Amino acid sequence: MVEQRFADGGAVSPLGNRTFDPVVVVAGPGVEVLEHSFTDQLDVRLDPEPAVLGALGDRLRVAIPAEPNRVGRDGRRLALWLAPDEWLVLDPDNLEDDVARLTMEGGWPPDVTFVDVSAHRTLLELRGRDARALLARGCPLDLDPRVFGPDHCAQTLLARVDVILFRLDGTDAFGVLVRASFARYLVAWLTDALEGFYA
Amino acid sequence: MSGRRQPLDPHLVERLWRTPAPKPAYDVVVVGAGGHGLSTAYYLAKNHGITNVAVLERGWLGGGNMGRNTTVVRSNYLWDQSAAIYEFSLKLWESLEDELDFDVLLSQRGVVALAHSTHDVREIKRRVSANHANGIDAEWLEPAELKRFVPIINISPEVRYPVLGGSLQRRGGIARHDHVAWGYAHAADRMGVDIIQNCEVTDFLRDGDRITGVQTTRGPIAAGNVALAAAGHTSTLADRLGIRLPIQSHPLQALVSELIEPFLDTVIMSNTVHVYVSQADKGELVMGAGIDAFNSYAQRGSFLIIERMLAAAIELFPIFSQVRVLRTWAGIVDVCPDASPIIGPLPLGNLYVNTGWGTGGFKATPASGWVYAHTIATGQPHELNAPFQLDRFRSGALVDEHGAAGVAH
Amino acid sequence: MSGWRLAHGGLIDRSRPVFFTFDGRRLAGFSGDTVASALLANGVDVVARSIKLGRPRGIVAAGTEEPNALIAVEPGLALRRATEVELVDGLAVRSVSGRAPAPAIDETPSEHVWHHADVVVVGAGAAGLTAAQDAVAAGGRVVLLEGGHAAGPLPDGLVDAADFVFLPRTVAVGRFDSNMIVAHERRRGTPGANTAARDRLWHIRARDVVLATGAVERPLVFADNDRPGIMLAGSVGVYLQRYGVAAGRRAVVFTANDSAYVVARDLQAAGVDVVAIVDTRVRPGPTADAGGIEVLSGHVVAGTTGDEGLASVLIVPRDGDADRASPTVVEADLLAVSGGWDPALRLLAHTGARLRYQPSAGTYGVTEVPPRVRITGLAADVNGGVGAFSTLDPVWLVPAPDGSLDRHFVDLQRDATAADIRRAVDAGMRSPEHVKRFTTIGTGNDQGRTSGTNELGVLAALLGTTLEQLGPTTFRTPLVPIPMRVLGGPYRGELFDPVRTTPIHGSHVAAGALFENVGQWKRAWAYPREGESFDDAVLRECRAVREGVGIMDVSTLGKIDVQGPDAGAFVDRVYTNRFSTLKVGSSRYGLMLRADGMVFDDGTATRLADDHFHLTTTTGGAAAVLDWLEEWLQTEWPDLRVRLTSVTDEWAGVAIAGPKSRELLARLAPNLDVSAEAFPFMTVRNEYLSELPARIFRISFSGELSYEVYVKSWYGRALWDAIAAAGADLDVTPYGTEAMHVLRAEKGYVIVGQETDGTVTAADLGLDWMLSKRKWFIGLGALDRPHLTRPDRRQLVGLLPDDPDLHVPEGSALLPSGGLGTAGNVTSSYRSAALGRTFALGLLAGGRARIGSRVDAQVAGWRVPLDIVEPVLWDPQNERRDG
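Chains as they are written, first to last, in this note's numbering: chain A, 1 to 199; chain B, 1 to 409; chain C, 1 to 883.
Rather than coming from a laboratory, the hints here were simulated on the basis of the structure. The structure displayed is predicted, hence computed values, not measured ones. Heads up, a few of these hints could be off.
SDA-like mimics (lysine to any residue), calculated; alpha carbons at most 20 Å apart, straight line [stated by the list, open to error]: (1) B:K23 / B:P262; (2) C:K522 / B:S156; (3) C:K52 / B:P262.
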């Protein structure tokens, strides 16, 4: 997935970036919004048998959470619970080798499926002391750390856009996965929200 | 002005209606004293000489959707069958003040439906053309013509969903909903119809496959025929007889603003951004939203819908930005799979139904009562409601008006 | 001129004078004043004329219940209450008589905010502060809302409490299911506000709500009770204590309970001459301490006199008709009235809590509160009839000496009187809702705060019934009027609704494309060149595809990945035609029906592996189709082992169409054998195209030799540019949705949503060949209903006007041979470069059998005859497409 991407230099992220490095797309005194372009994402579907989840986690090198709206984490690699039979595994570095191994080695129950959705959504990071307050301008969820902890994720609305929301790491930073076609709108909304934010 | 008598101002009427106790038996019991129930009773008496009629109302007359709608009157429906009944209704509206000798404040100020996409343009032009073919007045207005007709509208191409034109039915407009209910009630009452409020129908009396009356919170009442006209609650009544009607009930929200000096003298509807608006004679803006998607019998909807409606309204009318919302409320609309009504007999003897009007109920009030009364009095549908029988869901002869309604279902 | 400023006292800052104008008059007040308190301090009696009768009206109250003192604030003319607008230097306001002038446009957006709390306390009076302190002490997140400005500094325990949010000038406008409080924070136009500040609409989800919302005093209903100088007693006290303003110089207090006695004493202490306390009760309550003021117990005020303001009050014994002829006349410029109190419990009402008349409290209240709601302070005391509030002896209607009711005002803002209620009763009305609608009482912008209960009291008196028999009319959200721009929030202009763009959007912009909205997408509509009309651009683009090669951005098509052992069975059920026999690497056009048999969506399905399909949907139908498929899968077929995943945004796509498309593709993908034999119609290849990994479908919606190339969406732009560069010498031409529509129509291909409208079957479109007879599919069961098999159904036909230049507008009705009504409609109509003429498609009753004959279309009121022809006008043998 990764290797080919830059062989030709032709890849452009939904927000117009051409690099793996996070790029600031909006910023204010207490908050920064960055795009992590080209984050590898794999949609995984299977019936949640504990043994299969465990085996999958071993081979993907990240814990696959059985509990709804939770995140499994190993370094920069995350596994987000999306539905009783659906997870999204993402890694800003490289998933490709593991995915290749997964599919080549086989041995999965027949209804386990993998779909590469790396280009379907782009990953935004909102960080800084005001990140949560900025999200509260358009997201109805309670994102207080006592309620929405470091291992939580949710599919929700931000402004009028469907997003997947989670804590990017143990800090105050949030990850927002937005579909590629909505990304520019969402950034326009964030920019507008920030204009009023410090008034 | 000569020729036309000034219709009665309801505030000057000595007595609008009596408060009778229910009699043990009536020729016809109408269930529901909304606009349709009252007009049905009126036309039973007026057109068919059937005056031994009771209209039973669990609350206060005109207190359901009749008192909650946004009072738009128009007939520019798409399909021939719908156009026929709504145009008949509009013609009845045009003479209603004389008919009832009652001031219903009909104002034929025109109804505009806006197009915001090439798809809208095609569909609205289709409706205009179909209206012409059915002898109904309709015009297509380009944006500049719209701007002349409604100076406060924003036709900038820069907005998210620019106005690409719209249809205008000049004979459309608004009426005062309460006055319509009171006018029909008054006229029916004068002809001997008993309007019995605070009388809830709790069950039916039946003899085999025949309905013989109703059980109410004020005792049993025998009836030659029972005619349901309970809008969103009709399906729950029919459930008691094991009849499952193809009706879904949804909240539909509306609001009024504070009183403002007049600046909008027509009715504007936008199906795409889900808002319709007019300014009533007192000065308040009256607005309606798209329906809430969930099913409910509670007369309240989601506040989110109100917020979205107002965002849309301000896009169309920037001058609304500082106008303040005074009251919001919801009615329960009863919607058929094809967004058209059911008016006719049910598969039990002496039982009739009139339901499924969705967002079209108010404007249909006169015609609905007329054809429903005909159906009850003769046992046969009137030619105008013949297409709106329950069996169309079996035959497939649907009259699909989703696109032509004021809001998207 | 009766009001005056006390020498000292109040919470105003006397060191900071503030100047403002009222109807052009320059007046002075102090920092901390409201417009209302400053007007009273300046002796302004008349603040408005009443809406119907034009009677002079003065300030009645000190809060949101004020019915008379409406003002428009310059320069935008926003409508406000004088009791709510804080005084700032340079403020200019005008009086409003019931109906506001049209306000100016205010383009400042507002903010929507979501917040979550363990406890939300509404009202920052003493009880609210205590409740907030208790909640903070108990731990958890606490929000305190105060509709007015802060009465003073917060108590110590709250000032620096963590997890505590104090929102002054924030009024709760509604309480919704699950304790969601919606509140409006006024930041625009508040003193000291940054001009860039945006008003906020808070959505606060609360575990518990504490209502410290206080109570609203009721006026008394007597003749000429609307004169300037007649005010609510409690409000008179507020002006005294908070603003250091005495509302008059010579006062009478008229009360039906003990609460007004303290106001009388305070007035007296402030130097106002309080002539008498007129108490409706023969025996005043235990807390009625008159402090030496004369008390006329068992008396009522039966009328007043005055010109612009109050001159005198007429006092008579409450019972005893004989004395009515000679009332005691007392000169006064202030009449402070208290008919009782109503608890401010409207926040309970939206979710269905019903208030009932509580005789012991003399008001409408609740005996049970909803779960997770508590009432405290004055609201609780009034609701429960505690203390001074147990002393009420309600008098709903004080008869006038002459028996008239037409100057007994019940709703001052609506100019509605007891006589109006009498008329409603005489007309047969018994329900308070009818009376409200008949009289309009309670429908003004004060939301009937001071008139609602009195309306019911008067109604009960006239009907000879009790208030227990009369429920209050329903309260409505918002509790106080709220500007539309605040509810609309930031969602204006381009932010109104999401704009979806493809990865190739920038190239279209650079090429000068015009865009059309298709759902939320922006799609390139056409690419007019300098000096070229839209129509000419479309003709040029069509010609390029028919004669050379064109490229189109097809990224917006919905795409669904279908995988699993039962994928074939699943796809068979959702499309009308069979797919389970489709070879890996092949595509097929598919049609989906609704359960009622009507066409729902169309697209192609391609088999990528035995257990893996790639489905496309229409652009507008993508989300609905996925929802629909998931609904069937989850509710009807949980046994099928199939997974659906949207990959719409994963792939960017470009159609390469036209006779030269093969040559162009060969250049781009040198490793691909593009020959007709090696890469036939309706097959798919994976190949590198200009070094980009691509899925190449040989597929056509134009009727020409054509390919659709898909790459990961982040390569979309590179793909488009590579194709354009490689095809420059072939004059590769970008074409938009309009040209695409023309091309497919020439070929007789339908567009779902254009040729269909939810009433059209596959057979109507001539697609009955797509209805498999050997398997079940969604909608099959509906197809044999009698109406769906009638020969006179509306069927797809081609339509040609005699004049090859006449363009029949889309949507035109097709007419029956006589009479009213329609026989169909024109669904598509274009100018065709390839055909050298205009043409149309339409749905016509019994149309297929009428091919070869004529039908009239209605165009601008004229009947225009059209030839009825086959709907396929271009390459009916598919030689170009399949070659």
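Here is what the structure says about each hint:
{"no.": "1", "hint": "B:K23 / B:P262", "verdict": "violated, 48 Å"}
{"no.": "2", "hint": "C:K522 / B:S156", "verdict": "holds, 17 Å"}
{"no.": "3", "hint": "C:K52 / B:P262", "verdict": "holds, 16 Å"}
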